[in-house]
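A.B. asks: Residue strings, one per chain:
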Amino acid sequence: MEALLALAIGFLVGTSVYLMLSRNVLRFIFGLVLISNAANLIIFVGGRLIVGAPPLIVEGALAPAGIVANALPQALVLTAIVIGFGLFAFALVLMFRTYSTLGTLFSDQMRVAEPRENFET
Amino acid sequence: MSWYIATPLILPFLTAVITFLLRRNPLGRRISCAGNLLLLIAAFILLFQVIEQGIIAGQMGGWAAPFGITLVADYLSAAMVCITAITAFAVSIYALADIGTRLEQLGYHALFNVLIGGVIGAFLTGDLFNLYVWFEVMLIASFGLLVLGGSRAQIDGGVKYVTLNLVSTILFLSGIGLLYGITGTLNLADLAIVVQDLENTGLVTVIAIIFMIAFGVKAAVFPLFFWLPASYHTPAFAVSAVFAGLLTKVGVYAMIRMFTLVFVNDVGFTHTILLWVAGFTMVTGVLGAAAQHDIRKILSFHIVSQIGYMIMGLAIMTPLAIAGAVFYLVHHILVKANLFLVAGVVNHVTGSTQLSKIGGLYKSAPLLALFFFIPAFSLAGFPPLSGFWAKYILIKAAIDVSGWVIAAVALLVGLLTIYSMTKIWAEVFWKRHPDDRQPTLDRIERGALTAYLFPIACLATMTVILGVAPDAFVVFAETAAKQLLDPSAYIATVLG
Amino acid sequence: MDQQERTEDRSALIIGILPVLMSSVLFLWFLGFVPQIAEGLVIRSEFGWVPSLGISFSFVLDGLSLTFALLISGIGSLVFLYSNTYLSRHAHFSRFVMFLFAFMLSMLGLVLADNLILLFIFWELTTITSYLLIGFGHETANGRRSALQALFVTGAGALAMLAGFILLGLTIGSFELSEILDQSDKIQSSGAYELILLLILAGTFTKSAQFPFHFWLPNAMAAPTPVSSFLHSATMVKAGVYLMARLHPGFAGTELWLWTLTIFGAVTAVLASILAIRQTDLKLALAYTTLMALGTLTLFLGQESGYAMTAFATFLIVHSLYKASLFLVVGCIDHTTGTRDADVLGGLGRYMPITTVAAALAAMSMAGFPPFLGFIGKELKYAGALGVASEPVLVAGAVLAANALMFTVAGIVAFRPFWQNRKASLPRSPREAPWQMVIGPLILAVLGTAFGLYPDVLERSLVAPTVASLLGSIEDTKKLTLWAGVNLPLILSLLTVITGLLLYWQHQFLRAQLSDILAQLPSFDRGWDHFLGALKLVAFWQTRLIQPGLLHHYLFATFATVWAGLTLAILYGGIDFRFPNMAKISLQGAAVILLVVGGAAVTTVTTSRITAMAALGVVGIGVAMIFIVFSAPDVAITQLLVETLVVVLVAVALLRLPRLDVERSRSRIYDAALAVGVGTLVSFIVLAVVSQPFDRRVTDYFETVSWPEAFGRNIVNVILVDFRALDTFGEVVVVAVAALSAYALLRVTAQSKQKR
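Chains as they are written, first to last, in our numbering: chain C, 1 to 121; chain D, 1 to 496; chain V, 1 to 756.
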């Protein structure tokens, strides 16, 4: 099962990179969302997959009975999801602000910080 | 749970909360200074403890390593925490004059202190995912600081900065997932042991490259440094200074840590790549600087070039070379932050940082000229300033292992750095002002002037002291290098 | 106002007097060592500095360094006295004095250093102080250019020299000169000898302005006259010569040493003397003769014979004395008449008697008339040249040419302005310069005369010990005498005088001819401008290529690096790759994964904002369902919550932003190719990772310990709030700061909207 997920992750990364390379920064944001998901899935799949056995300790037991899913990557992914969301939210607001300040969403036209140089010798 | 280690980490966040609550109150900025002064004291206490006791480790929550998160302070970490605290304190005093109420009300001081907290967390953590978390804390705070104020240039620079750093972040996260996938652990010391015993070393090398690229973006090496010259010259000067001083160094630190502790299985491959990267970084950075006409843009490209030197030290991987990298790290933070602070004063006095629009400061503001001269010529590597020793140690390390090409490149880049620094010196200080004005420091009101010049003077003095009496620090750097190259003490302290 | 003036005057007085006193004290202190050094004693002292790098404050005082030290401090005190009056009214006088004094100390440190790296440090200090002093006329573009040129050229040489020093230290095992010079066999037989020598010579040749690095020295005349006199004739430029002399015992004797120094020295000497004739500015004329002197000194250092070394030691002193004197004289002329043009000046003898005397004495030493020290120096030079083992005729010829032209220039500089009739009017009416300015040149010129009349004093006290420093003992020192019988050197001296007179008589004609020829030849100085221009072009090209300001370019380069780096690593290391077992695929899992893939594909190609939002939502939900299927309920909940927020935020933003464009650009093919490449690699690597065995050690601990010690049944939650609580703290901070920053960004938008 991990194998199929690995292929899916690759597909997600591929589409994200394609979107991120777009001149339209909004597409970059889309790509960001997709690639964050991909990264989270990488962590998740790294811990190896187990179907139908969440890492919970039943009432009365001292430890989980039998094999349960790997809890650590789940915790990591949770943290990563939240952090990723924070970064995404800021990036989105930035793009929004870019449109209202610079008047464009096309990065090729964003030349304020690094204007077209006419290098005098 | 060691309070020596935890205090420098907790303090900045405390200060951040308090200053956020006080953001509409003028007391807020003074609290920021006070908080950073306390941080400075705590950092030095940590440093002295480490020198006395050796490596210190603290297990968060009392959970033993490698299960809980460990904070570790060896010589390198402790030194980095100290220099961070020094920079933070200097910039917080500078910010008294540089940052106006508008930015303060938007939360400048809170963001600044969170940034410092993230940086210190990154230096002290002994856990890989925790490192990621601190990188993100640092990153988001830097995002906020970069665009604070919302000028067009800032937004534009912000877009480049944010997008490229987010890519690096995702790469880092993926790398962690992959490394965890083959080792099953996140603790750095534990990783060092586990990775050694892995059979599939080819896969480890591939993952090492992922980390190299992720940290490489953060450290602004070639060919990943684009975000830096695109954005560093846009925000407030205090922000530029702290960025220039600290952010890229965290990336370099992470590289040093990972490539001396964990990824040492294929040094021939990884460190050869690092050597090439170092060479190209040095050259492209200094050539980029030669094409610029704005003080901050020149300095930004120089950051890239100097990072190349530090990576060179890592790549050569001998005790002297790593000691040189450590020395260079500290020297560069002191000097670069100082140069940006001086650029800020130049801007306040003359109204611009464009070389063609200003001039005459040698005559009308000699004190400022002196304060530029010291860090600039230290950067260029002239004795008896810190930069000379930093460059000397690295070049000697290169020649010791017959690295003729990289030594020649390092010397050549040093020469071109001289060219750049003298360009600023000649255009800003020596040349007459194009409008025949005589901008003096008297334009700035007394209190603000002290706030500007005190940190600059302190940092300059440190550069001189480090240059005139370097032995203590050379010995320190050599010990740090020894600890890095032979991590058994580190591993033993962490894992018990 | 009066009071303030008086205080200012007083402080100016102190600033002016203090260095004079201090340098005089230094001079007298060094003078006190003469008897001991003359006995053959060598004084060394050492203080620790950076023991961890093998660098200590070690000093050596022998004949060579004592000679230099006396020249530096002695001429220094006279120059300070001179500057007192020459520059006292200048706004930056105190800075000038400070830099000049710093220079003097650095130069003293250089000649006294016994540790290679310490020597280098002082070397670089002289470079910086020289930069600041040449840049004293920084308001003119030419002044800045000259300062940069000097800094850059000598700096480049210095850096090469540093590499040479490090190599030398590595070969011998120590940086202490006393140890190094003892082991000349080891040095000369080591494989690195040639490299070390060439690197060090790069440093000395640039500092001492040997061809082809000579072009910075004439431009350095942009500095005030005291600086030209002190640095660029008597002391700093001789630093290279000093170093070559200091290293002579260790390095000399090989063919490489002999020929490099002889050829470069000779070429410099002859070239410089030809160029000297062309100059009408007196300072420039003197600058070129300094070049010539440096060339001659270098030439003799290539040798090892007694005559050559004695010639070196004597000429060193001779030149410093008369050159410093003549420079100061030119300064006096400039100060009182307002010009330095040789074609304009004349008839000054009547108005400036003392200066005239000083000039005359110095010039005669320069021209080599007996009974001046210059004559003795010249005789020795011929003796040394004739003693050269191979090509003595060529070398002697070069020396003859140089000396003849020196004679001519002496006439141009010191005879014409004073004795010949004036042709044009002067900017200011000439009168005698103030005593502080005249006494320096006078003393120096008188010394040149005195030592000529009583050469034994000089021989015993300085020349012999210097020769000893070079050759190891004073025995090979030749006698300094005015009359050594009728021999070849005497004949050559006569020839020199005759040739010199001829050239002087015709010098204006020659000057015109030379100017024509030289205008057609490539000039090194123009080459410097070309070099800087080329540097800028390369810099611009690189910036256009690497940092064009386009985000797409940056992102593409970053992802391309990822692809290239990973491919390289995979090809190099080889991954032990097992093809995945596809048997265990469950239908649920496959369906969910297909959902995710489908959503991603739609997001990529759509141009409708709503579709994009929906597709993102589908992806998010799909991922959440993956979490559910694979036993991660908490993660799934979080994913769903966050995904909802993401879609909401995207919706709010998208509806206020313009439509998505249709992407028609051809270049997107490259982006697609890169994307496919990266995606494939990632799949590959993940597959490789999951096909490895997994170590459950850490996970087992959590499962075992979660309830008994951490009191939690939901292991994931326990990890988040207990085992790895610090991560959660960081996570909270990130979200809080993100909110704060986003709010700050939006607030400014709202404010600016309100203003409209």
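One thing to keep in mind: the hints can contain errors.
If the Cβ cut is set under 8 angstroms, some of the chain V residues that face chain C in the computed set are [unchecked claim]:
| # | residue |
| --- | --- |
| 1 | Ala-591 |
| 2 | Val-597 |
| 3 | Ile-621 |
| 4 | Met-625 |
| 5 | Gln-639 |
| 6 | Val-648 |
| 7 | Leu-655 |
| 8 | Leu-660 |
| 9 | Val-662 |
| 10 | Val-676 |
| 11 | Val-690 |
| 12 | Glu-709 |
| 13 | Phe-711 |
| 14 | Asn-714 |
Just so you know, the hints here were simulated from the structure itself, not pulled from any lab data. Note that the coordinates shown come from a computational prediction; the quantities given were computed from them, not determined experimentally. We put the beta carbon where it would ideally sit given N, CA and C, even for glycine.
A.B. asks: Name the hints, by number, that the structure is in violation of.
C.D. replies: 1, 3, 4, 6, 7, 9, 12 and 13
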